[in-house]
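Peer 1: For what it's worth, my numbering labels the leading residue of the sequence shown as 1123, then goes sequentially.
FYI, nobody ran anything at the bench for these hints, they're computed from the structure. Glycine included, C-beta positions come from ideal geometry on N, C-alpha and C. Some hints here could point you the wrong way.
[Said to hold, decoys possible] Listed next, with one range per pair, are the computed distances between beta-carbon atoms:
1. ALA1159 - ASN1223: 19 to 25 Å
2. GLY1153 - PHE1203: 34 to 40 Å
3. ASN1223 - GLY1162: 29 to 35 Å
4. PRO1219 - GLY1262: 57 to 63 Å
5. GLY1224 - SER1124: 22 to 28 Å
6. ALA1143 - ARG1260: 25 to 31 Å
7. ALA1222 - LEU1182: 36 to 42 Å
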Amino acid sequence: MSQNLVVLVGRILLSAMFILAGYPKLLDPSGTAGMIAGAGLPAATALAYIAGLFELVAGLFILVGFQTKITSLLLAAFCVFTALFFHSGPINVPDFPEGANGLLTMFNGLMMMKNLTIAGGFLVLAAFGPGAISIDARRGAVAATA
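Produce the entire structure from the sequences given, and follow the hints as far as they go.
Peer 2: And the structure:
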């Protein structure tokens, strides 16, 4: 398998989560707004729409390999921010059994590690580029090979 094909598959996999998470936020931001408000941030609904639009557009940019370096760096920062701000602490839902809160805390820690891992993938993509099968390569914005 060619290196450029592997990079394309990697871009598809990295972009899918953001496209599939961003689009529903634009249709119904209430769940995300609740999470944002619960974290103490202001203007939760506006931030949910902004997050949804960012995830959708950035995901599409990664998918097609457009403005890959800057988009990858922005998504890496987004992943680190959300990991630390939303997934770094214990979960304590009132009236939940201790074991259930423990399980939720464990899942939250896994979500933090997932976000940090994805950030690493985006940093690699920013450093090495989108490969020849990309809009950036067609525009001459990157070398033709990854």
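Peer 1: Confirm or reject each hint.
Peer 2: Hint-by-hint comparison with the structure:
no. : hint                          : verdict
1   : ALA1159 - ASN1223: 19 to 25 Å : holds, 20 Å
2   : GLY1153 - PHE1203: 34 to 40 Å : violated, 19 Å
3   : ASN1223 - GLY1162: 29 to 35 Å : violated, 20 Å
4   : PRO1219 - GLY1262: 57 to 63 Å : holds, 59 Å
5   : GLY1224 - SER1124: 22 to 28 Å : violated, 46 Å
6   : ALA1143 - ARG1260: 25 to 31 Å : holds, 28 Å
7   : ALA1222 - LEU1182: 36 to 42 Å : holds, 37 Å
Checked against the numbered hints listed earlier, the structure breaks hints 2, 3 and 5; every other hint is satisfied.
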